[in-house]
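Engineer: So the sequences go chain by chain: A and B.
Heads up: the first sequence begins at 1 in the numbering used here, then just goes up one per residue.
Heads up: the second sequence begins at 1 in the numbering used here, then just goes up one per residue.
If you're looking for bench data, these hints aren't it; they were derived computationally from the structure.
Computed from a prediction, not measured in an experiment: that's the story for all the values here.
From the three backbone atoms N, C-alpha and C, an ideal C-beta is built for every residue, glycine too.
Among the clues, some could well be false.
To be verified - Listed next, the stretches of chain A that the computed footprint assigns to chain B, with coverage defined by at least 3 CB atoms under 8 angstroms from CB atoms of chain B: (1) 35–49; (2) 53–62; (3) 205–219.
There are 2 protein chains.
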Amino acid sequence: MRAIDEITITDAALEQMSSTPNPRLKQVMASLVKHLHAFAREVDLTPEEWLEGIRFLTAVGQKCTEHRQEFILLSDTLGLSSLVNSLHDKRATEAATKSSLLGPFYRQDAPMMKLGDSIISKTPGTEVVFYGRVVNSAGKGIPNALVQIWEPDETGHYDLQKLDPSEMDLRGCFHADAEGRYYFRGLCPLGYMIPMDGPVGDMIRAQRRHGYRPAHIHFVIGAPGYRELVTALYVAGDEHIDSDTVFGVNESLVVPLNKKDPASPLPNLPSIRFDFRLAAAKDQMSGRVGADPSQITSKAGKGA
Amino acid sequence: MRAIDEITITDAALEQMSSTPNPRLKQVMASLVKHLHAFAREVDLTPEEWLEGIRFLTAVGQKCTEHRQEFILLSDTLGLSSLVNSLHDKRATEAATKSSLLGPFYRQDAPMMKLGDSIISKTPGTEVVFYGRVVNSAGKGIPNALVQIWEPDETGHYDLQKLDPSEMDLRGCFHADAEGRYYFRGLCPLGYMIPMDGPVGDMIRAQRRHGYRPAHIHFVIGAPGYRELVTALYVAGDEHIDSDTVFGVNESLVVPLNKKDPASPLPNLPSIRFDFRLAAAKDQMSGRVGADPSQITSKAGKGA
Chain A
1 MRAIDEITIT DAALEQMSST PNPRLKQVMA SLVKHLHAFA REVDLTPEEW
51 LEGIRFLTAV GQKCTEHRQE FILLSDTLGL SSLVNSLHDK RATEAATKSS
101 LLGPFYRQDA PMMKLGDSII SKTPGTEVVF YGRVVNSAGK GIPNALVQIW
151 EPDETGHYDL QKLDPSEMDL RGCFHADAEG RYYFRGLCPL GYMIPMDGPV
201 GDMIRAQRRH GYRPAHIHFV IGAPGYRELV TALYVAGDEH IDSDTVFGVN
251 ESLVVPLNKK DPASPLPNLP SIRFDFRLAA AKDQMSGRVG ADPSQITSKA
301 GKGA
Chain B
1 MRAIDEITIT DAALEQMSST PNPRLKQVMA SLVKHLHAFA REVDLTPEEW
51 LEGIRFLTAV GQKCTEHRQE FILLSDTLGL SSLVNSLHDK RATEAATKSS
101 LLGPFYRQDA PMMKLGDSII SKTPGTEVVF YGRVVNSAGK GIPNALVQIW
151 EPDETGHYDL QKLDPSEMDL RGCFHADAEG RYYFRGLCPL GYMIPMDGPV
201 GDMIRAQRRH GYRPAHIHFV IGAPGYRELV TALYVAGDEH IDSDTVFGVN
251 ESLVVPLNKK DPASPLPNLP SIRFDFRLAA AKDQMSGRVG ADPSQITSKA
301 GKGA
């Protein structure tokens with residue numbers, strides 16, 4: 001009989017998992033077990049601490065609903081989501097705009113609008129025009145690219161946090177024109193605190209982190225033949241631009257708010273301008289970092 | 001501004017967590033983040049795989065109830081619980097019986113019984129006497145030591161899996177006598193499959209593991225001034241003794257079933273004999289590996 005101790009347990013677990021027929025699942029689980037065990041040995045994890053971890057993860061799972069994904073928030077605040085984004089960007093075969101976090105508030109069914117429309121339907125606030133082009137790696141416009149946008153209101157809340165899910169605000173979908181140009185009106189982004197009323201909020205407070213995200217607006221951009229781009233633009237000058245609680249900011253995604261902009265399609269409004277560059281798709285995988293929470297939690301009962 | 005990529009994200013996360021006032025929490029979280037990030041880099045984790053992991057962990061959390069702890073089951077099947085037991089045993093300052101898994105079916109309120117009583121109240125089956133002594137590291141009996149026992153029925157189910165929680169079967173608490181001797185009657189242990197109707201069962205099937213635990217009976221043994229011992233005895237000859245799905249078996253905990261045993265206090269019954277050795281307590285911490293699921297999940301909503 002194999003003697004199991006704090007060292008040999010790792011090989012015992014790997015051996016038992018070696019029957020996994022899917023080679024990628026086998027590889028991922030073997031690496032996970034090795035690193036999980038190395039962590040427990042490194043800190044000499046006690047039974048009491050282990051139990052506290054079980055309690056914490058249980059609470060994270062039980063906080064999830066169709067419109068709240070606390071495990072994504074945990075991944076975001078541990079830097080894992082940002083890391084997965086960076087690995088995804090690195091696998092692109094062509095230069096492209098950097099990914100940023102999808103976060104927990106995306107939804108797939110935002111209304112289709114016409115270029116120049118405003119995504120503000122219920123919330124008063126300072127209107128801004130967002131404009132630019134969607135281009136390929138050679139800088140050529142991608143006609144008809146689909147641009148999906150969502151942002152919080154001026155109190156830092158998304159519609160899903162304050163409205164019945166049957167209502168929407170500050171979301172929209174647009175098709176770029178024949179040269180790949182897009183423009184629409186929205187609120188001037190403001191920073192906000194991540195949801196702090198769950199176990200992840202408890203963790204953030206225990207770590208004395210401020211919990212803020214700098215001002216940003218979310219984009220998902222796609223076109224046939226290109227890798228879907230999940231990203232966000234961050235407004236230069238925000239006090240938390242260098243300490244985002246979820247590590248979403250990339251310098252190349254920081255944009256100035258222009259008070260006057262004669263090149264803007266709506267020159268009477270302040271503007272934010274950005275050109276999004278998409279890489280060619282290697283395959284049919286969307287490469288999306290995240291998903292509509294309703295897709296995750298409603299499937300949750302079925303397991304892995 | 002710091003440029004965040006798949007390497008620098010780790011230091012960025014550690015820096016943000018460096019404000020944690022509790023030094024142990026700071027140490028544990030820093031090690032966790034380093035190993036979690038190293039895992040994601042090692043396997044080049046894709047957004048789709050990350051999302052599958054989010055879905056899986058969400059399902060594990062949502063499977064937990066007051067009487068079912070799927071995160072403990074996950075920890076058990078990944079070998080983490082066994083590893084934490086081994087680390088705990090290693091910290092003892094005196095030789096003691098090895099720990100084994102508490103598992104998800106312990107409860108604190110089992111009935112107090114008299115030496116020689118049977119823990120079988122509802123389930124017919126082959127009766128066995130369990131007996132031996134509770135001793136200190138010098139082999140001296142520990143008077144009045146508290147011995148808590150629970151075991152599954154002959155179909156492999158614990159009372160919590162088949163009865164209303166207001167009813168109990170195959171559980172009991174005994175005080176050892178003035179020489180540390182204990183004896184009681186119970187069922188001859190049988191092996192069984194872990195609960196396979198949740199996400200952990202899905203994982204076990206995807207890994208083509210058999211899902212069985214070898215025949216065993218659970219013990220929690222305590223006395224003032226000693227480290228609480230959470231362990232189990234495993235019946236020699238079980239076909240899964242060397243491939244326990246939760247890695248609980250230690251060679252020193254494998255015992256024979258004696259068909260005839262003149263030394264037994266009830267010599268007409270088959271017997272299992274074992275002496276439990278407790279180490280002196282270094283402090284007031286119980287060192288318990290696990291807890292009553294109702295304590296975990298009812299507290300879950302409050303977070304970490």
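Engineer: Hints first: check each against the structure and report whether it holds.
Structural biologist: Tested hints:
{"no.": "1", "hint": "35–49", "result": "holds (count 15)"}
{"no.": "2", "hint": "53–62", "result": "holds (count 9)"}
{"no.": "3", "hint": "205–219", "result": "holds (count 4)"}
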